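J.: Residues per chain are reported as follows:
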Amino acid sequence: MQINTENNQAAIRDLEIATGETISDCYQCGKCTAGCPASMDPSPSLLIHLLKLGLFTKAVNSASIWDCMACLTCSERCPKNVSPAAIIEGLKRIHLNNMEPEINLNSLGQEFLAHSTQQAVVSGFRKFV
Amino acid sequence: MPENMTHVPYYPGCTLKSKALGYERSAMDCARSLGFEMHEIEKWNCCGASFPLTKDNLMGLTAPTNILIETEQHCKERDIDAKLITLCSFCYNTLKRTDFAFREEPGKLKTLNEFLNREYKGNVTVIHYLEYLRDVIGFDNLSKMVKTDLSHLRVAPYYGCLLLKPQKELGLDDPEEPVILHDFLDALGCQVIDFPGQVDCCGAYLIMRNPDKVLELSHNILEEASEYGAQTIVTACPLCQSNLDQSEAVRGEMPILYFTQLLAVALGLETEQHQFESHCIDPKSLISSCKKFKEFSDAK
Numbered sequence: 006m007q008i009n010t011e012n013n014q015a016a017i018r019d020l021e022i023a024t025g026e027t028i029s030d031c032y033q034c035g036k037c038t039a040g041c042p043a044s045m046d047p048s049p050s051l052l053i054h055l056l057k058l059g060l061f062t063k064a065v066n067s068a069s070i071w072d073c074m075a076c077l078t079c080s081e082r083c084p085k086n087v088s089p090a091a092i093i094e095g096l097k098r099i100h101l102n103n104m105e106p107e108i109n110l111n112s113l114g115q116e117f118l119a120h121s122t123q124q125a126v127v128s129g130f131r132k133f134v
Numbered sequence: 136m137p138e139n140m141t142h143v144p145y146y147p148g149c150t151l152k153s154k155a156l157g158y159e160r161s162a163m164d165c166a167r168s169l170g171f172e173m174h175e176i177e178k179w180n181c182c183g184a185s186f187p188l189t190k191d192n193l194m195g196l197t198a199p200t201n202i203l204i205e206t207e208q209h210c211k212e213r214d215i216d217a218k219l220i221t222l223c224s225f226c227y228n229t230l231k232r233t234d235f236a237f238r239e240e241p242g243k244l245k246t247l248n249e250f251l252n253r254e255y256k257g258n259v260t261v262i263h264y265l266e267y268l269r270d271v272i273g274f275d276n277l278s279k280m281v282k283t284d285l286s287h288l289r290v291a292p293y294y295g296c297l298l299l300k301p302q303k304e305l306g307l308d309d310p311e312e313p314v315i316l317h318d319f320l321d322a323l324g325c326q327v328i329d330f331p332g333q334v335d336c337c338g339a340y341l342i343m344r345n346p347d348k349v350l351e352l353s354h355n356i357l358e359e360a361s362e363y364g365a366q367t368i369v370t371a372c373p374l375c376q377s378n379l380d381q382s383e384a385v386r387g388e389m390p391i392l393y394f395t396q397l398l399a400v401a402l403g404l405e406t407e408q409h410q411f412e413s414h415c416i417d418p419k420s421l422i423s424s425c426k427k428f429k430e431f432s433d434a435k
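Just so you know, the protein sequences line up as chains A and H, in that order. Take 6 as the starting number for the first sequence in the working numbering and just add one per residue. Take 136 as the starting number for the second sequence in the working numbering and just add one per residue.
If you are wondering where the hints come from, they were derived from the structure by calculation, not from laboratory data. Please read these numbers as outputs of a predicted model, since none were measured by experiment. Yeah, the Cβ is synthetic: ideal placement off N, Cα and C, and Gly gets one too. One or more of the hints may lead you astray.
[Unchecked claim] So the derived label-pair ranges between C-beta atoms look like this:
id, chain 1, residue 1, chain 2, residue 2, range
1, H, Glu175, A, Phe117, 26 to 32 angstroms
2, A, Ile108, H, Arg386, 23 to 29 angstroms
3, A, Asn111, H, His287, 34 to 40 angstroms
4, A, Ser29, H, Glu172, 49 to 55 angstroms
5, H, Asn258, A, Arg18, 33 to 39 angstroms
In isolation and in its complexed conformation, chain H is listed as follows (with noise of 0.2 angstroms):
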């Protein structure tokens, strides 16, 4: 294990500490595998799950605002960048939205501080685990730390919504044609297969309402991924991930995986803790079928 970690602030926001316990495990043992190490802001809240849609709802920034405070002082304290990684979608939405709505209206940024009676300074990147992969690790480098054998996995890359858009606020790739989960996939060596339905919404939210709905949107997406010869879809979001799992549920066998979960067996990393059995379809046979490379097992 890499002597010098690199020390990266960690939003996990309240998904991450219940549904996808095994989503945060993972991103964490890859990390350290990979040589930073999350580590989590000490005092956080919910980051409220959705950003305010309407301009003049303040209220719904005063949670996001909390937690960029924390992560300045949190930086501010250890004397390093204040970037904050993320991990769930619906968290990677709301903290970068709010920053960027105050980097346009610095009025707004004024009102919220007076109002919590504390500073938020502005200074915060807000970024995705998989922008962390691409930018400061390296898709290339990423490629050659591979231990596993994966190249016989059909795989699936889905992005759901709100990883992409607003494109202009977000900008971490093209909303419609994105390629980050596809060349991170192409780096574990996998077989990549786009389809369609990858930018798709699987009806998020609406499982409060209609779930009836969610399932039937999720299925399209499933069957789509299924058509085009996917053998397992991943994801960066744990509703995304909820949804098609339970729709998965009604219509095959096709394990939804966090992306996460799928570099932790890349990456030849021990992965009973990442909770495969949580799932309601379990990846396990899949996950086995994954054999190391030989000089990696070898030296097992």
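If we strip away everything but chain A, and leave its shape as in the complex, we get (with noise of 0.2 angstroms):
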């Protein structure tokens, strides 16, 4: 689902607030994408880019975000303290908060559910729900 900002920068603010990372502190090295084992297009440093442009509303649209598993390589190789990861939780959550989760509860069967690691249905919710 899409969401609509009117003010894009001061979404911009808003999601440094919550996250507590400084976007601008990006100088486009790569060195997420590089080691981004989730192929996430638009990659990390894409995304972060386009909130530099001040393009909110791209970015927290990209289907990408979804993709993410949290596996903290890029915010570990980050030469420059950011956190990729962290912004990339901060656009899901926008969703979230909006009441639109990512998972459809009820397509996920009691099968499914049953036989899942129970860490992996309770992170699930967390980042999905």
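Starting from two chains that each stand alone, build the complex the way the hints lay out.
T.: Here is the structure:
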């Protein structure tokens, strides 16, 4: 579902406050993207670039934010101490705060849940619902 | 069995009580054999499984804070060091990062304490079982307690993500080139297979949304470990175990073990209760190839 924002700059400031990250610190070296195991497209560095350009709506509506597995490789390797994983989680939360879960709980099925690892269910609910 | 067992408070978490029961049982049996007893804290809740990455999400800290409070209580009643041992990488990560967040930002702790109407004093040291083996038991000592010959086993250590990252907050080992599992396996006398995929992500909770992607990522890790000659992989995380195991069921026959399951074999313990059969790839034939050293098999 699309998030529509009237004031991109204000939304980016809110994102920075929520995540505790300073988006302008990123100098686009691309180490986060190089190490991303999720092959995100748009990549972590491109998402941050969009935010640096003020294109909040484009960043927040990028499907790739849901591919992030929060493995923290990007955050660990960033030479500027930016956490792309935190920024991506901040973008996800904007959707979730609007009551738009990314997974349909009814479609998961009892059998799938019964065989799932509990920590996957709990963290999956945290990240997608 | 040693008389004076060290009492170590233990937080299991959800998966250790269900899908990863073999991990818990093997860890507890090994602990007793090594001279410490893991005591489950009396009241515990789910840790939330993932540490909230956005700084303003204080709600995500309530569950782990409650666990830290219970641990302080547990230790105060017994007059012991406030140390909490964990097995699951997710629990370890969440609890340790929560404690770290409070040390960095005492204001957050004040807010949480007010909200929960309880008090966490900030005294708990969260440790991983591997850390206890390395720093308290010592890998040198551990190697002297090995009773089973594992010298023919080619074992690949797999670390995953949340056991190591972020290094600044966890401080367990180097996130890119870790050695703790390598050193552990070395102490057990196995052949350690060092392979590049050891710190790659298995796909983790993405299994809830995109299982195909998880199987693909896990498949790549398994392929690499195989190419490097591994017969089995050991891990410390129940979700890594599950993802790799499910992917291996499609790909091949390499068992994925918890490091404590292999430790139990090495220490010559009875492993019947360690749930090897709950794995997709049954490691029994691999395990049965491991014989006790002569001096111990004769004693029995």
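J.: The structure should be examined with respect to each hint, and the outcome stated for every one.
T.: We went through each hint and held it up to the structure:
no. : hint                                    : verdict
1   : H:Glu175 / A:Phe117: 26 to 32 angstroms : 29 angstroms, holds
2   : A:Ile108 / H:Arg386: 23 to 29 angstroms : 26 angstroms, holds
3   : A:Asn111 / H:His287: 34 to 40 angstroms : 50 angstroms, violated
4   : A:Ser29 / H:Glu172: 49 to 55 angstroms  : 52 angstroms, holds
5   : H:Asn258 / A:Arg18: 33 to 39 angstroms  : 37 angstroms, holds
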